[in-house]
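So the chains spell out like this:
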Amino acid sequence: MPIIAISAGPFSRAQEVARLVARELNQPLVGRELLAEVAAQYQAPEARLVEALEQGPSLLGMHKALRARCLAYIEAALLERLTADNLVTIGLAAHLCVAGVAHLLKVRVQADLDQRAQERARRENLGEDRARRLILDEDKRLAQWSQFAYGLDEADASIYDLVVGLGQIEPEQAADIIVRTAGYRRFQAMTYSQNHLRELALGARVRAALIEDHPEATVGVVGSEVTVTILAVRRHQERKVASVRELAGGVAGVGELKVEAITDVFQEAAETMR
Amino acid sequence: MAEQPQILVVDDEPLVGKRLGPMLERLGGQVEVFSDPYAALLRLPKKHFDVVVSDVRMDEVTGLDILETALKISPETRVILITGYAMMSLARQAMAKGAFDFLAKPFTPDDLRGAVSRALGSLGFAVEPPQAKEQQSQA
Amino acid sequence: MNQTPDPSRQPAPETVPASPHASSATVAARRALVNRPSLSLRLHILLVSLLTFVFGVGVALALWHNSQGVEEKLGFLDIANEFIIELQQARRFEKNYFLYGTNLSEAMDNALRAREILKRNAEPLRKVAGERSFAVMLPHLDRYQELLARLAALDKSEAKPDPEAKKLIELELRDHGHQMVSFAENLVHKEQDSVRTAMASFRGIILSSLLFLTAFMLAVSWMLRQRIVGALARFSGYAQRIARGDYTPITPARRYKDEFLDLALAINGMIDEIQSREEVLIQSHKMRAVGTLTAGVAHELNNPLNNITLTAHSLLEDYPELDDAERLDMLGDVVQEADRARRIIRNLLDFARESGSQVEPLDLARLLGETISLAANQIRLSGNRIEFNATDNLPRVHGDAQQLQQVFLNLILNARDASPKGGKIQIVVVPADEPNYLAVKVIDFGSGIPDHIKSTIFDPFFTTKAKGKGTGLGLSVSQGIVAKHGGRIQVSSREGQGSTFTVLLPITTIPADIPDMHPAAA
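Protein chains in written order, with the numbering used here: chain A, 1 to 274; chain B, 1 to 139; chain C, 1 to 522.
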């Protein structure tokens, strides 16, 4: 069975659909509750993690580096779970941060605006107009967020394998459609996609280990061979490479570790000007 | 069905067959190796194969042709495709057409042995578990 | 400014600094331009004005001198007239004396005054009339006075003067008086004539200098016009030449340098700049092609890598059971496949490498073979195939292998984009219909080029590809490269049937003049 990543705008009753799918497939559902684990594992406040998953870019908003760190931690934890289990995930941006894995079924659940407004009005005891306005605002913010954090528009149908509209069908039927689609052979796991997912997960773990000290590091993984590329001025290179070796070397699953330092000419130029 | 699993290896890179042949024989199979995909295509109707391992991108005949032909002749046959040109769309296409597994080059012998063992296991052959360091989990 | 020649040999003002991109050709051209004797337009005009001024002064001096001469002559005429009047007066009294016996003293007074006039004006008279006439005049006057004195003495001493002696004196007196007067009158006439001539020469001077000035001004303005208009025409010629893509620097067209030197240097600087921009453009376009190829090459690498992985693993796992021959065979396979991987990468890197323009005789068939192998994987990835045919033993062309490879690669990738899936791309190298040219034809069987865009496909930024897929610079850059090789690209296309791009390149008997693209390291 494939991994199923569900994405939806707020108040789309997607949680309900996800729960139904998980129950039908007898798979665990992994949602925001994972953030508590992430917070514990990486010593990051949970509120910050949530913020990193929701807040669009703004002047007074979250610092870019902090957001990148939070997202790296979430990704690492999420991918860890995805390699271990077949599961259903929602609300953790799996549809954005996992690319090229053939057995990850990306689903968008799309409720229409009236339904969402009614749902919000009911839950938060608001007027429907106000609820509608709030939802539109939030959609806009989320579009900005996904564009900013992952360079993709979350609402763009073409990034999904399946888009289910809830306008005319019930959540049960939507769940049924998703489960049936998940049964198609084309979405089944295979050695290639599992290896690929495992590489992604290893890369995410290494990145999470490095991101505090080396936010600019890029990580490439082939099999268990990890290549870390960092940017540093020449005289710091040796020290930085050693630090990367220490941090990344301790990550579980890292076989051979290669660290490449690219000379940061701009920084070097800036320093000589001083 | 013969006692010994029959395995067909098709890759226009002769070295692949040269290495996979002995490797799969050690799993207990009887292996035929083709580096000419067209010859392999002609061979398929003449003999029953339990597992077919084929490269995808070859001139004239592709692995997908081999896959279709093999399944048409015997739906039970497990076809494992390998390719240097792995992409998600191709992988999904191969799976949709009925491939048993899909591997990207370069793969390790363990990867392939794992896939072939699972294929043989699914056909009821008793195979000694491959000496894999990382056993694949397959639903 | 490391490119400028020895400054001591080059006193010209450095108004245009040598561009950092200066090629050796422009540096040479610059040297030739600067190391000419200077004859600026400014100097030209200044010289002309000076000459005109000097000429004017000359004319004025001549007139001045002339008028002074005339004045002197007029002064002389006055004196001569006075002299003549005194003499005539003297002679009248003298006549009266002889006729009526009047007093002689008045005649003597007159003669004395005439003498005084002569004496007083001896200097100017001598100058105008000449020493000789003065020398003639004075003895006459002396004798005349002496005779008068003798006559007066004769009258006083004897109560009755001897009429014979008186007659003798009278004759001599008359003769001397007459000669003096006629000589003086003669002189006056002569001087009057010469004043008249001087007046005429005034007119002559003025007229001829006017004529000369007109001619001179005409000549000078014609020369200036030649210099300015001629230079403008030359420079507009340069501009057209540059627009056509001929980046040969401007070399001296005249023996002297002038204000147009700065312009020429500026244009040469611009040529360098354009050339270096074009190089950057060509290079960046090449890198785009490399980017397109990389996907194919990365995939292609997976085959040898896989072979190495499998062989190495087999060797590792089965080492104890293998005999030496088998082990050696496996190691041989590893080495061979590693070589194959290296070749694949080197092929791409060779193409991607930024290198100086290297013009050499090229075997086009071989070059195309290499280009096709570079693109082969990309072509196969998109499900197309290439059919390549070349006439045997083709003559060589003169060119830069990398740049031409870029042109062919661009045409091949274009053909791939135009081809339907599974379509064939045909490439042929044949002698062109035109003698001394080879033709490389890249033929696709795609949708063809609609007539209405046929004329624009070589324009920069023209593209039919989806946004982000093409820069629209490929054909324009290719055309630039081919033009630099002395060739051209032709297109024929029929809608719905495909297109043929033909690259015509001159064979090596006439080496193409390719400007040196990279300055020697300074």
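Please note that the accuracy of each hint is not assured.
Unchecked claim - Straight line, CA to CA, 30 Å or less: simulated DSBU-like cross-link-like pairs of lysine-lysine:
| hint | chain 1 | residue 1 | chain 2 | residue 2 |
| --- | --- | --- | --- | --- |
| 1 | C | Lys190 | C | Lys167 |
| 2 | B | Lys97 | C | Lys167 |
| 3 | C | Lys95 | C | Lys190 |
| 4 | C | Lys454 | C | Lys465 |
| 5 | C | Lys190 | C | Lys119 |
| 6 | C | Lys156 | B | Lys72 |
| 7 | C | Lys156 | C | Lys127 |
| 8 | C | Lys454 | B | Lys97 |
| 9 | C | Lys190 | C | Lys156 |
To be clear, the hints were calculated from the coordinates, so they are not data collected in a lab.
(request) Starting from the hint list further up, note which numbers the structure goes against and sort them upward. (result) Per hint list: 1, 2, 6, 7, 8 and 9 violated.
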